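Novice: The primary structure of each chain is shown beneath.
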Amino acid sequence: MEIDFKLNQKPARLKGDGERKLLWALRSDFGLTGTKCGCGMGLCGACTVLINLEAFRSCQVPVKDIKGKEILTIEGLAENGRLHPLQNAFIEANAFQCGFCTPGMILNAFSLLLKNPRPSEKEIIREMNDNLCRCGAHQRIVQAIQIAAPKMNGRKR
Amino acid sequence: MNGIDRRQFLKALGGGIIIFFSKSDLVDAQTTPSDFNAFLRIGEDGRVSCYTGKVEMGQGIITSLAQILAEELDVPFHSIEMIMGDTSLCPWDMGTFGSRSIKIFGPLLREAAAEARAILIQLAAERLGLPLDRMELTSGVIRDKKNPQNQISYALLAQGKKITRRLEKKPPLKPASTFTVSGKPVSRQDALAKATGQAKFSGDIRLPGMVYARILRPPAHGAKLKKVDTSSAEKIKGAQIIRDGDLIAILHSYPDEAEQALAQIKAQFELPENKLTPENIFNHLLKVAPGGNVIGQEGNLDQGKKVASTTFTETYLQQYVAHAPIETHTALAQVEKNKATVWASTQRPFGARDEVARALNLPPENVRIITPFLGGGFGGKNYNGQVVEAARLARLAGKPVQVAWSREEEFFYDTFQPAALVQIESGLNGSNQITFWDYRVYFAGDRGAQIFYAIPHHRTASHGTWWGAPGAHPFATGPWRGPASNTNSFARESHIDLMAAKAGVDPLTFRLAHLSDKRMRRVLESAATTFGWLPAKAPSGRGQGVACGIYLGTYIATMAEVEVDKQSGTIKVKRVVCAQDMGQIINPEGARMQVEGCMMMGLGYALTEEINFRGGEIRDRNFNTYEIPRFSRMPKIEAVLVDNPEIPSQGGGEPAITCMGAVIANAVFNATGARIFELPITPERFKKALAKGV
Ligand code: FES
Ligand code: FES
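Which chain is which? The protein sequence lines are A and B, in order.
Under the working numbering, residue 157 is the last one in the first sequence; the count climbs by one each step, no gaps.
Under the working numbering, residue 851 is the last one in the second sequence; the count climbs by one each step, no gaps.
Extracted from the complex, chain B is given alone in its bound form (with noise of 0.2 Å):
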């Protein structure tokens, strides 16, 4: 469990002052205490080192973490350095998903700060023999209060000093009113880099002596290799071929090489029966589902039944849809002797660590991974085949090897977001109240799928996970962007949206009628303000819909306005706005580009993304036939954020993503009166609609 020892580490760093993690403040941080991991340190010349089990893939937390963390501490923002995903060096962290970092990791840096800024400032009145209280501190620098001129920095007070602190009882942390990092917008810790090329991603890591890995792969999941020939691959000069076991793979000086002589190997697989496909998978699923948890009840659901004049059975429907972050899964790796070394794109540091000591069967402590920029990950980087693999045949080969998985292996080795779908019995009363509710969610996870909406008598039920159950998927699925949630916003708010159709009452009058949670009346009413809500009966003119949704913490309104094609049955998101409630904002640049960047992204799965496969063939394999959205798809994206300092910070990384599918759906029902009840809205699902007529 345990990273290098304690007295190794306290070498490595030098010298400064360090604060350390103490056990009893981790029980609610997913991660476990290894004594001797350090969170913050202030060397000798002054700078500040954050070390975090967290990783940057995009979502912008190195620098928000940085703010909070100079905002504790009050020195200047570019002076704190970030050291993320190395597990040698930073906190043991279960892994970078769920929109928890600034949730879960902000607080404890912060406390870690106040406990660093507690030691200085009495450091510093020691040094300067003077009582605490006329001690002030200003951009890394105290001073006398009374004489400004008789100061010390942090540099100086961090000099020749070792000096540990565990972080043991609550400093008192700065309050949020005298904030002047936090909650305002700071430039990105890596715009520069990733502006010139030099960020570093796994794959651009250089070794010497370093060879590059082409592994054969199966033509289809669960296929059996039977016969392999490798003679001709072994002519090519420089390739070296690794057996072992099912892995087979070519090493190269010139990953370009190593691909020719992969080409070269011919190779026979037996293909296990599997008949299931994107038509037929759901009903498969219906099968083969585990009973369900309930997750939420109330009432009596008969009661509800009794007392509707109108009830409503529909079932929703997901296809999988794949994570496509633009960097492949990549990893260098290098073992020598006991040790091995991994340069890894990973969204679990700590994961892969274990994962590789496994596989090499050395001890955790001697494995270590260091995780560059990722290329995105989205959910998908939880799986850390690749590190494995680089891991394994480094040690074959006796040099240090990368494995970087091209766009063909991406797509079959991706965790997709799970096929799943979801049924919804509900009623309405004389007076258009909703009497029950009674939900089944299958194989997508229960997040969301909680009501929010004020209904007497209701039910949620959760069957399987988005892991699957043994015999659901015939591939991998997990955690993709806002798990879960996809599938139940898309259900959950087609349905209200259907019901209030049938009611004849405007979707948004409708769902505030069923609503008293104040902030998600706050979302919606900021979204209507911002997006120019005017009812409109369906099929109007105006194209518009309404979703809303709370994802772990945060709440979000999202309003759309679509224009379709009938003939062709196209669909063109014209308008997004979204609003979100994210309780304290630390770094509010960063959060609306994570909300634009959810409902760009969300435009994927909401219209043209799902994995054609044919049992576990997979068809879809680069970006020719998986379409994710690009530039042309791109709708006016507005991002509302609703500032509500009293609630700590939520995360703010994937909420936005969820109701991308229900808004479009419900917006697509308002301009033609075709209600849609699977995603994604391809063309031909779109016409079948419009065919069934409304």
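Here chain A stands alone, though its shape is the one from the complex (with noise of 0.2 Å):
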């Protein structure tokens, strides 16, 4: 089948299994290796993407579900060069220490903001509960999505 979707704001297009999940073809068919694999189940959301500005997994998201959606990763984030609020708030705090996690703690708090612009501290642990984090960044991650939410200014994306 053929699987035609927005991928970080271009067309792009996927042939064959549509039952293939959408990590795997990010990071072998697009090269787009920003989005890791942790578990490999659903667990550690080190592969999360956006699906029309919601936070997914990509290792459980068959490919044949992104048909006609926009995709974005990590790579897709900044753009013509400048950085989104996120990524700037994590850099100013120091967000993380392997690195491994972040482009997923990211899109993650993303989606959350985009949900819920001005979360509580409480709200902000909630909704990142299911990403980890080995290295234990995790007082700086909820930093970073503090200093972020005033910055994003309504933005949509």
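Just so you know, not all the hints are guaranteed correct.
Below, a list of computed lysine to any residue pairs in the SDA-like style, where the Cα atoms sit at most 25 Å apart [stated by the list, open to error]:
no.: 1; chain 1: B; residue 1: K556; chain 2: A; residue 2: F30
no.: 2; chain 1: A; residue 1: K151; chain 2: B; residue 2: S344
no.: 3; chain 1: A; residue 1: K6; chain 2: B; residue 2: Q355
no.: 4; chain 1: A; residue 1: K21; chain 2: B; residue 2: E416
no.: 5; chain 1: A; residue 1: K151; chain 2: B; residue 2: I405
no.: 6; chain 1: B; residue 1: K844; chain 2: B; residue 2: L655
no.: 7; chain 1: B; residue 1: K729; chain 2: B; residue 2: I768
no.: 8; chain 1: A; residue 1: K122; chain 2: B; residue 2: R732
no.: 9; chain 1: A; residue 1: K151; chain 2: B; residue 2: A348
no.: 10; chain 1: B; residue 1: K381; chain 2: B; residue 2: I405
no.: 11; chain 1: A; residue 1: K6; chain 2: B; residue 2: S410
no.: 12; chain 1: B; residue 1: K556; chain 2: B; residue 2: E566
no.: 13; chain 1: B; residue 1: K729; chain 2: A; residue 2: R126
no.: 14; chain 1: B; residue 1: K793; chain 2: A; residue 2: S120
no.: 15; chain 1: A; residue 1: K122; chain 2: A; residue 2: E92
no.: 16; chain 1: A; residue 1: K21; chain 2: B; residue 2: S410
no.: 17; chain 1: A; residue 1: K21; chain 2: B; residue 2: A420
no.: 18; chain 1: B; residue 1: K496; chain 2: B; residue 2: I398
no.: 19; chain 1: B; residue 1: K357; chain 2: B; residue 2: L655
no.: 20; chain 1: A; residue 1: K64; chain 2: B; residue 2: L655
no.: 21; chain 1: A; residue 1: K67; chain 2: B; residue 2: K556
Counterexamples of contact, computed for chain B against chain A with all Cβ distances above 10 Å [as the list claims (entries may be wrong)]:
no.: 22; residue: R291
no.: 23; residue: G297
no.: 24; residue: T321
no.: 25; residue: G366
no.: 26; residue: K383
no.: 27; residue: D386
no.: 28; residue: Y411
no.: 29; residue: K462
no.: 30; residue: D511
no.: 31; residue: I527
no.: 32; residue: Q590
no.: 33; residue: L669
no.: 34; residue: L709
no.: 35; residue: E774
By construction, these hints were calculated from the structure, which means they are not laboratory data.
Only a predicted model underlies this, so the values are computations on that prediction, with no experimental measurement involved.
Yeah, the Cβ is synthetic: ideal placement off N, Cα and C, and Gly gets one too.
Could you fit the two chains together into a complex? Lean on the hints.
Specialist: Encoded structure:
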């Protein structure tokens, strides 16, 4: 089957088995390696991408489900070389150590801020809870999201 | 032992000014000299490259080593390029572990930089026709003190040159008081790449014609393959099956297709009889334990016992804990004729090189390991199984092969923090002084076992190491962040706490009464101030705990506050403060991040993390049953850096994790009066301790 969709704002097409998981298509077919695999079972969030601006775990999404949708990966977040407020905030707060969980953290946080522009600390913790970080950068990740929130200025992406 | 040949190396490097090792400097450097490997190079464009066999796995040395270099060379921090863990370019290195990068490699790097600076000044003086003492150096430019207009840059000096120098004599170093980069916060070298998804980890490297491997695995350690049928897997389009002895793998140009093909392989294994479980493991370990090494003793235990009015005998237990970095073990190998190149997530690139050389029967200099960023290591990536697998498969297939372990494989092949026990016998006299301390640790390792409290009669013995011993563990064990010290600190600090409680003395006061070591007193006092420690007798509403320790020259004191729910047995850590004295601090922000990360990660082995197993069968294979600390467990975390510039930099990547088990157990005691003797403190164990009464 043929699947047409938008990938980081550009038209893209996948052919073949619609049951393949989006994560592997992104990493191997499109060479977008910023999306990571940490568990392959929907348990860690390292593979989080946005589908129509909502966070999904790409290791669980069959590519047939993205037909006609817009996919946003970490590579597509900065626009014309300008970093997204969340990327700036993660850098400012040093919200990562090894950085392997970071793309998933940033995209999950983005989805959160789109739904809830001024989340409380409790809400951040609840929404981020299933994104795992082994390095223990949690406190700084929460801070980064708090730094980024007011800088979003109602932006839609 | 050696890397590529010196001529080749210099050719590859191009022109500039290059500083080499000399053997005499390396005695203590966990570094075997290979004559021709450079330390640092000032290129013809003025850029400074640093070559180190250390790897960046999140601990931030890519930044702090660059700081050291920028400081000593007087160049802008951002003109430094770090080349790490490339066995063909970097000096030999034992590996990145034990918090030793800054402590041991740092001083060597400083000296190399000072040497380079001396050469540059000399060259500049020659070029400008001025005496040496007229030269002044700032930001990569050397100028005439009397006529600052008269100046020359490093880049110009290095142009068209190929100056190689050995680091022989010790050049004078800049005094710490003049530092402008070291000890100051700087932005990280790797920040932008990691925030934009551009940072390359081993699994992100792509080569033309590469394929992805999935490997047939046994259901349990020690299982033997009886029968295998690969016929239906073979029918999958594009799948290639490789069989080489016990290594059976599917290769495919898409990783997910390889996975599907693997599922088609029908295999039968014979399982060995092994009845070990988390319940009976400790009895077993005691039975098979080798004799102990006495690692410290003083006085006479019998004497100590005689003057004791109360004695205490307890055993402390620690279950197996996984490393579980979010990036699993990954490697991409390319083998061409008699040369192999492997991109690998490893903490020991040079070890991996030798292992690949052995497996492929190649001379080590024909093997190059390149280490991209690591997505965490914590000791687990000292084991290089995936590197050898990728190299073997790449040779057999004749194309580049990526081996990226699945999470299930990662748990299965992990070299766990060992299950271990500690037996302590001790005594108090009538004036609440500890009279003797008899300490035996089994299978944790001896690091951090030494007693640092002032006790007249004591003895410490260590049986076995974190590597285990034949017949000890049903699977592999190894160093885990803060190796041995998590278990030793839990035992020591729990036992001290227990005696303090019996004596009716506040545990902080009790510790201070037995401490003459100034550094230890200072970290305890700093922690107490920030924490706001107030004596509160157990069971108290405060739920506060204290623990302290020494890890390879770094001193830490940790205080925690917990809230417990006796019904459900849940323990919520609300706050943790850790004061750390790591000597001179190169990168304060980086150090703080490490301390915070240690505290967060340490919640896991303290509260939830333990491997469920039956013999060699690992029952926890993913994050659904193996629970690592997540946001909802996050306490308020405070890292206090106790500056101590008189002492050279000690390691900071591990110390703060080592007291987490103890401090939480002690806080639980303070909250409830229930003493914890086994980690992790699961709700079941906590409720059992409660039921046992106070
Ligand atoms: S890789 Fe998809 S959730 Fe872990
Ligand atoms: S920064 Fe390493 S896993 Fe989160």
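Novice: Given the hint that K151 (chain A) pairs with S344 (chain B), test it: the Cα-Cα distance must not exceed 25 Å.
Specialist: holds (21 Å)
Novice: Does the claim that R291 (chain B) lies outside the interface with chain A hold up, using a Cβ gap greater than 10 Å?
Specialist: holds (42 Å)
Novice: So is K383 (chain B) really clear of chain A, every C-beta pair being over 10 Å apart?
Specialist: holds (28 Å)
Novice: Take the C-alpha atoms of K556 (chain B) and F30 (chain A), compute the straight-line distance between them, and say whether it is at most 25 Å.
Specialist: Since the Cα atoms of K556 (chain B) and F30 (chain A) sit roughly 21 Å apart, the hinted pair holds (cutoff 25 Å).
Novice: Hinted pair, alpha-carbon criterion (25 Å max): K729 (chain B), I768 (chain B). Please report holds or violated.
Specialist: holds (21 Å)
Novice: Are the Cα atoms of K6 (chain A) and S410 (chain B) separated by 25 Å or less?
Specialist: This hinted pair holds, its Cα atoms lying about 24 Å apart.
Novice: Given the hinted pair K64 (chain A) and L655 (chain B), is their alpha-carbon gap at most 25 Å?
Specialist: violated (61 Å)
Novice: Mind verifying the non-interface call on D386 (chain B)? Its CB should be farther than 10 Å from each CB in chain A.
Specialist: holds (24 Å)
Novice: Is the nearest Cβ of chain A still more than 10 Å from the Cβ of G366 (chain B)?
Specialist: Consistent with the label, G366 (chain B) stays out of reach of chain A, its closest Cβ about 13 Å off (over 10 Å).
Novice: A cut-off of 10 Å on Cβ-Cβ distance, and L669 (chain B) was said to be off the interface with chain A. Does that hold?
Specialist: Holds, because the least Cβ-Cβ distance between L669 (chain B) and chain A comes to about 29 Å, which exceeds 10 Å.
Novice: Measure nothing beyond the straight line between the CA atoms of K21 (chain A) and A420 (chain B); if it is 25 Å or shorter, mark the hint as holding.
Specialist: holds (16 Å)
Novice: Is the hinted pair K122 (chain A) and E92 (chain A) satisfied, with a Cα-Cα distance of at most 25 Å?
Specialist: Holds, at roughly 22 Å.
Hints 5, 19, 20, 21 and 28 from the list above are not met by this structure, while the remaining hints are.
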